[in-house]
Structure formats: structure tokens, C-alpha cells
Amino acid sequence: IPILQAAQAVAKQPLSLYASPWTSPVWMKTNGAMTGRGTLKGSPGDKYHRAWAKYFIRFLDEYAKYNLTFWAVTAGNEPTAGEIIFYPFQCLGFSPEHQRDFIAQDL
Numbered sequence: 001i002p003i004l005q006a007a008q009a010v011a012k013q014p015l016s017l018y019a020s021p022w023t024s025p026v027w028m029k030t031n032g033a034m035t036g037r038g039t040l041k042g043s044p045g046d047k048y049h050r051a052w053a054k055y056f057i058r059f060l061d062e063y064a065k066y067n068l069t070f071w072a073v074t075a076g077n078e079p080t081a082g083e084i085i086f087y088p089f090q091c092l093g094f095s096p097e098h099q100r101d102f103i104a105q106d107l
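For the sequence shown, position 45 matches number 45 in UniProt numbering, and the numbering has no gaps at all.
No wet-lab data here; the hints were simulated from the structure. C-beta atoms are modelled at their ideal positions from N, C-alpha and C, and glycine is treated no differently. Be aware that a few hints might be false.
Claimed, not checked - BS3-like, lysine-lysine: derived pairs with alpha carbons at most 27 Å apart:
| no. | residue 1 | residue 2 |
| --- | --- | --- |
| 1 | 65 | 54 |
| 2 | 12 | 54 |
| 3 | 54 | 41 |
Stated by the list, open to error - Pair by pair, the computed Cβ-Cβ distance ranges are:
| no. | residue 1 | residue 2 | range |
| --- | --- | --- | --- |
| 4 | 8 | 33 | 34 to 40 Å |
| 5 | 3 | 100 | 31 to 37 Å |
| 6 | 54 | 80 | 20 to 26 Å |
| 7 | 12 | 54 | 32 to 38 Å |
| 8 | 86 | 5 | 34 to 40 Å |
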């Protein structure tokens, strides 16, 4: 936040910020881990998807308290990585259809 505020203070135009989460909390994931193959439990519109959507809102609300607003938010960084067995970094798998339905029904 301090770095973004400093950049905003010297910018000649408003910053166009965007955010992209790597993964949801592990209790929401099918594999119970930050890394490796795993998707959100359940299906769009259910308690897990609604809870994950609330994290997006909370993130945006908290940054707004520091006068930082976002131009865009993605539903997830590298969504196909979460379909790879033993993927070594944080990831959350989404098929195109799953991601579409999460955006439409929960975000």
C-alpha cells in the first residue's frame, strides 16, 4: 500500500490498478493445498463460491480505505495452472466455463 500511494502521489495521471488472485484459502479448495491441482469446492452459486467472491469485495474495500481503487480485477491468475498435477506455485484451477459461471453468478 505505501508503494502504491507513493506512485499515486507522483503520477501525472491516476493509476490504473488491477488485481489478480493466485488462489483461494485452502479450506475452499478441492485439494486442501495452496499448490498443485485443485479447484474451488462445489459449483458456482454455492457457499464456497460466494465466500471467495466476498474476499474480492473485502480486498477492494480495504484498499479503498487508503484511496486506492482498481480499474480491473481478474477471477484468477493463470487459471489453467490449477489443473496441473504437482504444480509448484499457488494456483486455483478454473475451466473457462467454471470461471465464466463464477463471474456471472458470484461476482
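Starting from the hint list further up, note which numbers the structure goes against and sort them upward. 2
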